[in-house]
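Undergrad: Below, each chain spelled out in residue letters.
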Amino acid sequence: MQITFWGVRGSYPVPGAATVRYGGQTSCVEVRSDSGDCIIVDAGTGMRALGNKLAGEAAGRPGQYHVLLSHVHWDHIQGLPFFSPAYIPGTRISVYALLTAADELNQVIGGITRHEFFPMPLEAVPASFDFQKVEPGLDFVIGAFHVTPIALNHPFGSVGYRIDADGSSWAYVADTAPFDQVLHKQHFLPGPEPLSDDDKTALEAMRSALVQRLRGVDTVVYDTHFLPEEYARFPHYGHSTPDQALEICAEAGVRRLVLYHHAPAHTDDQMDQIAARYLAKGATRNIEVLTSFEGMSVPIGEIDDSHDERETTNPGTGVRGIKQVPQ
Amino acid sequence: MKLRFWGVRGSFAMSGRDYLRYGGNTTSVELLSDGGDRLLIDLGTGATEFAKQLMGSEFGKGSGKLPILLSHTHLDHIQGLPFFTPFFIKGNEIRIMGADPISGVSLEATLQNQLAPHYSPLNGLENLAAGVSIESFTPGAKLSLPGFEVATAAVPHGSMWTTAFRISADGKVVTFLSDVEYPSPDEPLPQALALAQDADLVIHDAMHADRDYDLRRGWGHSPARAGVIVAERARAKRLALFHHSPDATDEMIDEVVARTASQTAVPVFAAAEGAYLDV
Chain A
0 MQITFWGVRG SYPVPGAATV RYGGQTSCVE VRSDSGDCII VDAGTGMRAL GNKLAGEAAG
60 RPGQYHVLLS HVHWDHIQGL PFFSPAYIPG TRISVYALLT AADELNQVIG GITRHEFFPM
120 PLEAVPASFD FQKVEPGLDF VIGAFHVTPI ALNHPFGSVG YRIDADGSSW AYVADTAPFD
180 QVLHKQHFLP GPEPLSDDDK TALEAMRSAL VQRLRGVDTV VYDTHFLPEE YARFPHYGHS
240 TPDQALEICA EAGVRRLVLY HHAPAHTDDQ MDQIAARYLA KGATRNIEVL TSFEGMSVPI
300 GEIDDSHDER ETTNPGTGVR GIKQVPQ
Chain B
0 MKLRFWGVRG SFAMSGRDYL RYGGNTTSVE LLSDGGDRLL IDLGTGATEF AKQLMGSEFG
60 KGSGKLPILL SHTHLDHIQG LPFFTPFFIK GNEIRIMGAD PISGVSLEAT LQNQLAPHYS
120 PLNGLENLAA GVSIESFTPG AKLSLPGFEV ATAAVPHGSM WTTAFRISAD GKVVTFLSDV
180 EYPSPDEPLP QALALAQDAD LVIHDAMHAD RDYDLRRGWG HSPARAGVIV AERARAKRLA
240 LFHHSPDATD EMIDEVVART ASQTAVPVFA AAEGAYLDV
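Protein chains in written order, with numbering that gives the first Met the number 0: chain A, 0 to 326; chain B, 0 to 278.
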């Protein structure tokens, strides 16, 4: 199994000279099994370039695509109308998401192509769409993949995924806040609210379920939008820090963490610093910390203990099997 | 009057080294009068960069006032709204003005829907800390804003209409004609020509290179030559090609500009993110 990052940014796409190396597009990860089966996790703006690649491979033939959504904030769905295989007649696209009902999903995903927002409504797009409701606790299978949804802590709800295939596994943990200060529910939070005892119990349960699901996972991709000093100002925004991700990974015995969902304000130079800082911090806990960038591919299940030849100052380089470095 | 392009890209924000000279942000244009009044057209991703500049001024202290005109509500023209930081500072007063996008759906309902709980943690316009007013107008209306006089007209954009603007300040005129496709690019509609008459600068949709247009007829955008015809017939002094295709790299835009400039005596350039231009 291999994962490839097509969009690593959070909130909104950020073009320009400051994001050339890590990339400016929002959340989208391609997952491939050894047999070639494919899942797409999140449909942020990175999905446009992925779609162009997949359409090229399909050479006009219809395909079946599976898209797992963590949640339906714009930065996780905005690429869907620009996914070019959707315009090949006969193509089928299954969208999986955490919502209360499948018809609601149809309405919400259909809503992004309302006449006011996009020139072509979903029902006029040549591909046929179906919507699958995801519930934490109910595993499901897509081709070679066994998928375990995991409840996360984010405004209006979010779900992570543990994905097992080819004798190994990785997990996508975005978007999520940590599990101590704020419990996100289905209302607007102008700032942190005091936690009730029930809230604390709910947070503890969510955290321990996450840790349990991550046990034995090869690689964890985690929402590390904020640096600690930024998080302190915005604890109610629904995102985590690399330190919080390291805590969870250490507790679950995970050996490799990928930083993901970078804040739009973080420039390439800042990302270099973040990457170096957490590579060092992770090493003290025996966790290899990679910092995702557009175009990075990570083989899942090939980690070994020979760190000898690795470059540890420049993120993403020298790690066995990583296909491309930010330049 | 000065003008700054904060976002010039159509449809989709493009990051990466192929888009650095013209810029990858979606539509957002700032106008600045000699007296210091500001006006913004559209809230594409370029508006998030403009917002950073504003936050260093009175907008960071909650005493800024800004009118924003929306050409229409396709996502590439409003996707910067939830991240336009002056909205989060109490005391700022921001007016968003535009036409209702379609019959029976108001501008306010559309922007509320953009911020609906499923899509945005903001959960609605009412949670923006600044004073925000959403004001629908009927295209054809004339708007009098501090420092600017604005004439408006509806122009066809595929299956919907967008609003075009003629903005006058300090004795100068800028005409904004983005997201428009005339029945024939060689026959611009009279309302477009009227808005562009004798303008100092016409900003025109040039999503398609002329040679690509036939494949994309009906998508709601113009080939580069449509702007040339508008500028020539309206006797405009300068033409900015705008709303560049997400597939157009810097080199491709260079080529479109060179070809277009060779066809006309009107000075032509491609809109690019960056410095303030004198109108």
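These are calculated hints, taken from the structure and not from any lab test. Backbone N, C-alpha and C define an ideal beta-carbon position, used for all residues, glycine too. Heads up, some of the hints might be wrong.
[As the list claims (entries may be wrong)] So, partial list: chain A residues that the calculated Cβ filter (under 7 Å) puts toward chain B:
{"no.": "1", "residue": "Pro14"}
{"no.": "2", "residue": "Ala17"}
{"no.": "3", "residue": "Val19"}
{"no.": "4", "residue": "Leu53"}
{"no.": "5", "residue": "Glu56"}
{"no.": "6", "residue": "Trp73"}
{"no.": "7", "residue": "Asn105"}
{"no.": "8", "residue": "Gln106"}
{"no.": "9", "residue": "Val107"}
{"no.": "10", "residue": "Thr112"}
{"no.": "11", "residue": "Pro118"}
{"no.": "12", "residue": "Pro154"}
{"no.": "13", "residue": "Phe187"}
{"no.": "14", "residue": "Pro191"}
{"no.": "15", "residue": "Tyr230"}
{"no.": "16", "residue": "Phe233"}
Undergrad: Taking the hints in turn, state whether each one holds.
TA: Going down the list of hints, with the structure as the test:
Checking A:Pro14 against chain B by beta carbon gives a least distance of about 3 Å; that is within 7 Å, so the hint holds. A cut of 7 Å between beta carbons decides the hint on A:Ala17: the least distance to chain B is about 10 Å, and the hint is violated. Interface hint at A:Val19: satisfied, since its Cβ lies 5 Å from the closest Cβ of chain B, which is below the 7 Å cut-off. With 7 Å as the threshold, the beta carbon of A:Leu53 stays out of range of chain B, its nearest partner Cβ sitting at about 17 Å, so the hint is violated.
With a cut of 7 Å, the hint placing A:Glu56 at the interface with chain B is violated, because the nearest CB-to-CB distance is about 19 Å. Because the smallest distance between the Cβ of A:Trp73 and any Cβ of chain B comes to about 5 Å, under 7 Å, the interface hint for this residue holds. Hint status for A:Asn105 relative to chain B: violated, with the closest Cβ pair at about 12 Å, above 7 Å. Hint status for A:Gln106 relative to chain B: violated, with the closest Cβ pair at about 9 Å, above 7 Å.
Against a cut-off of 7 Å between C-beta atoms, the interface hint on A:Val107 holds, since the closest Cβ of chain B lies about 5 Å away. At about 9 Å, the closest approach between the beta carbon of A:Thr112 and any beta carbon in chain B exceeds 7 Å, and the interface hint on this residue is violated. For A:Pro118, the interface hint holds, since its Cβ comes within 7 Å of a Cβ in chain B; the closest pair sits about 5 Å apart. Look at A:Pro154: its Cβ gets to within about 4 Å of chain B, closer than 7 Å, so that hint holds up.
The beta carbon of A:Phe187 comes within 4 Å of a beta carbon in chain B, closer than 7 Å, and the hint placing it at the interface holds. A cut of 7 Å between beta carbons decides the hint on A:Pro191: the least distance to chain B is about 14 Å, and the hint is violated. For A:Tyr230, the suggested interface contact is broken, since its CB lies about 15 Å from the closest CB of chain B, more than 7 Å. The closest approach between the C-beta of A:Phe233 and any C-beta of chain B is roughly 11 Å, which is over the 7 Å cut-off, so the hint fails.
In this structure, the hints that do not hold are numbers 2, 4, 5, 7, 8, 10, 14, 15, 16, in rising order.
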